[in-house]
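Chains as they are written, first to last, in the numbering used here: chain A, 994 to 1320; chain B, 994 to 1320.
No wet-lab data here; the hints were simulated from the structure.
Do not rely on the hints blindly, as some may be mistaken.
Treat identical chains as interchangeable: a pair holds within one or across any two.
[Said to hold, decoys possible] SDA-like mimics (lysine to any residue), calculated; alpha carbons at most 20 Å apart, straight line: (1) Lys1305 with Pro1121; (2) Lys1019 with Leu1130; (3) Lys1019 with Ser1151; (4) Lys1133 with Ala1115; (5) Lys1123 with Val1223; (6) Lys1133 with Tyr1014; (7) Lys1019 with Asp1207; (8) Lys1231 with Asn1259; (9) Lys1133 with Glu1116; (10) Lys1133 with Pro1059; (11) Lys1309 with Arg1291; (12) Lys1123 with Pro1059; (13) Lys1133 with Asp1017; (14) Lys1190 with Thr1005; (15) Lys1019 with Glu1164; (16) Lys1231 with Val1154; (17) Lys1019 with Met1078; (18) Lys1013 with Pro1059; (19) Lys1305 with Leu996.
These are the residues of each chain, in order.
There are 2 protein chains.
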Amino acid sequence: MDLMKEILERATIIDEYLMKYLEDGKPEKLIRAVRHYPEAGGKRLRPVLAMLVADAISGKEKESIPFGCCLEIIHNFTLIHDDVMDEDPMRRGRPAVHVLYDVPTAIIAGDAMFARGFEVLAEVEVAPEKTRRLLSLVAKTVWIIAEGQQMDIDFENSDSVTVDEYLEMIEKKTAILFACAAQGAAMIAEGSEEQEKDMFEYARLLGLGFQIWDDVLGITADEKKLGKPVGSDIRNGKRTLVILHALENADEEDKRIIFSTLGRENATNEEVAGIIEALERTGSIEFAKNKAMDYARRAKKCLESLPDSESKELLKDLVDYSVKRDL
Amino acid sequence: MDLMKEILERATIIDEYLMKYLEDGKPEKLIRAVRHYPEAGGKRLRPVLAMLVADAISGKEKESIPFGCCLEIIHNFTLIHDDVMDEDPMRRGRPAVHVLYDVPTAIIAGDAMFARGFEVLAEVEVAPEKTRRLLSLVAKTVWIIAEGQQMDIDFENSDSVTVDEYLEMIEKKTAILFACAAQGAAMIAEGSEEQEKDMFEYARLLGLGFQIWDDVLGITADEKKLGKPVGSDIRNGKRTLVILHALENADEEDKRIIFSTLGRENATNEEVAGIIEALERTGSIEFAKNKAMDYARRAKKCLESLPDSESKELLKDLVDYSVKRDL
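Next comes chain A alone, as it looks inside the complex (with noise of 0.2 Å):
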């Protein structure tokens, strides 16, 4: 099986439903506001995961999708406010919602869409004792992303980051909603409770994996993969778990190294070169890359529970992607 085609074919099937969701409502401007980046395309992984484990554990793919899709839903809210917050431009190559109408819209609009996921999640058909379950897992999910984007930006006004408290703000901000939709999906196919259990560690696990990943490759990768210039998270002063783990652990040398270059939008392409060799002297590339494939090996233990089927291998290659993929 191709992975990519699979996921590609169960996100156009997402996709018409995602749309239909986000079709009604006035002003027309804040409709307009709230599909923008639903519109922009995407690879739906939540709710792509959500129909694989729902799919996996009992082959109800199809009555995940509306839970997928208050996800997606979900998704979108956080990214809009995100990108007001962090004051961001662009997103997928498109304005972002506050550049395009402006902020009060952009915020609303969040908000909107946070309403409507909600509104989704009531459409969800599950066994009735388990929908207060079903919506207390998703607004506890809601409640700890806030977390994380409030600690990712404390984070940017502090300069004593621990790894620990980096991989904190990652599984809140990012993994835990992979978290949630696969513990939901399992939910809507009448899982058993430990499978329940499995399907969260796994996806949060898988989380954390592709978020490391993405800051290995943020370093690493060339032009023409990132889509922009190599060195960019440097200059832009990202703290990833590579820089966090070198400033714990690098030499006096290489840690004079990594300020001087750190951040400085101008640095040049030897000065950025100079810092990732101190980035690999200290292992620190090394360091990032071996925790997300200790990751990626523990996602995959949690999915021995399941039934062998073609959804648990698209569930493994899915691993297998998270922390293979050049980007």
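Given the coordinates of chain A, work out where chain B should sit on it, guided by the hints.
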């Protein structure tokens, strides 16, 4: 019965639950931002309304408390985001969340409260098959509030808002959350479908009357009652029902008087007195008063399907209060 005393008694109970619901979470800054407005107190009208309705239908006052808290949390989340959008520096005599902290923290705190509101909703004890309906009701309500807020913001840049558009806006921005409180409470109290409808309509009309009476008081009340100088709504150029009616109905001379003073921060007291006279001549203050009274009369009629009880009397008193209070 003394309505204010009865409201206060219930608000005290609500406060205890509310602050417990807003206790947990990290980082500390986020939790402090989340608790900032609720800590400033307030009448807790939405949860009190839910308690009165639930009690009037079947004595299930206590069961309605988590639901009321959910709405109070959602109400406070909208206040945080509104203050960011309107750049209001103060709320309830305290600095706004975005002033005390910063805009990103205010956006996240609002999002986090939104999530917590739905988490509390998951705790509402209601027949399992009703959970989805209740979730759908609350989620749709928040979407409508977002529509109302978007209309409000769009109106600020428009010179041609009609009375009807204004009424639609306040219905969405304010009245709908009252309506949701009353209908949801009827659901929780196992009222009939007709009672649900009646309670929704009762509270919608109550909310409209409340808001319009506020508009009237903003123009006619004296400084002591208002807590701000007479005429500040006029000097701020606030487009209330009174003003919009006048702009549609005043003769040329009065229109000239209104336009020459409305929105001028340095307008003299004589000019403010002049505009009020023009509003009286046009019958605009009378129009708004009558409108509010009409809503109040219709709201009371919606209570007829309820059995007689103390809570029913209080629901009537609340209507009288909404259009008789001098602030």
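Here is what the structure says about each hint:
1. For a Cα distance limit of 20 Å, the shortest separation of Lys1305 from Pro1121 qualifies neither inside one copy, at 28 Å, nor across copies, at 32 Å.
2. When the C-alpha separation of Lys1019 and Leu1130 is checked against a cutoff of 20 Å, the pair qualifies only between copies, where the shortest distance is 18 Å, while the shortest distance within a copy is 29 Å.
3. For the identical chains of this complex, Lys1019 and Ser1151 are inter-copy neighbours only, at 17 Å across copies versus 42 Å inside a copy, given an alpha-carbon limit of 20 Å.
4. For a Cα distance limit of 20 Å, the shortest separation of Lys1133 from Ala1115 qualifies both inside one copy, at 16 Å, and across copies, at 10 Å.
5. Proximity of Lys1123 to Val1223 under the C-alpha cut-off of 20 Å is found in neither arrangement, the shortest distances being 48 Å within a copy and 55 Å between copies.
6. Taking CA atoms no more than 20 Å apart as the test, Lys1133 paired with Tyr1014 passes between copies only; the shortest distance there is 13 Å, against 23 Å inside one copy.
7. Within a single copy, Lys1019 and Asp1207 get their C-alpha atoms no closer than 38 Å, and across copies no closer than 26 Å, so neither meets the 20 Å cut-off.
8. In this homomeric assembly, Lys1231 and Asn1259 come within 20 Å of each other (Cα to Cα) only inside a single copy, at 15 Å, whereas the closest approach across copies is 49 Å.
9. Taking the closest pair of Cα atoms, Lys1133 and Glu1116 come within 20 Å of each other both inside a single copy (19 Å) and across two copies (12 Å).
10. In this assembly of identical chains, the alpha carbons of Lys1133 and Pro1059 lie at most 20 Å apart whether taken from the same copy (19 Å) or from different copies (16 Å).
11. Taking CA atoms no more than 20 Å apart as the test, Lys1309 paired with Arg1291 passes inside one copy only; the shortest distance there is 11 Å, against 62 Å between copies.
12. For a Cα distance limit of 20 Å, the shortest separation of Lys1123 from Pro1059 qualifies both inside one copy, at 15 Å, and across copies, at 19 Å.
13. Taking the shortest Cα distances, Lys1133 and Asp1017 sit within 20 Å of each other only across copies (11 Å), while inside one copy they are farther apart (27 Å).
14. In this assembly of identical chains, Lys1190 and Thr1005 lie within 20 Å of each other by CA distance neither inside one copy nor across copies; the values are 29 Å within and 40 Å between.
15. When the C-alpha separation of Lys1019 and Glu1164 is checked against a cutoff of 20 Å, the pair qualifies only between copies, where the shortest distance is 14 Å, while the shortest distance within a copy is 35 Å.
16. Proximity of Lys1231 to Val1154 under the C-alpha cut-off of 20 Å is restricted to the intra-copy arrangement: shortest distance 12 Å within a copy versus 47 Å between copies.
17. Only between protomers do Lys1019 and Met1078 lie at most 20 Å apart by alpha-carbon distance; the minimum there is 19 Å, versus 25 Å within a single protomer.
18. In the homo-oligomer, the alpha carbons of Lys1013 and Pro1059 lie at most 20 Å apart inside one protomer (11 Å), although the nearest pairing across protomers, at 32 Å, exceeds that limit.
19. For a Cα distance limit of 20 Å, the shortest separation of Lys1305 from Leu996 inside one copy, 12 Å, qualifies, whereas the shortest one across copies, 62 Å, does not.
The structure does not agree with the numbered hints 1, 5, 7, 14 stated previously, though it agrees with the rest.
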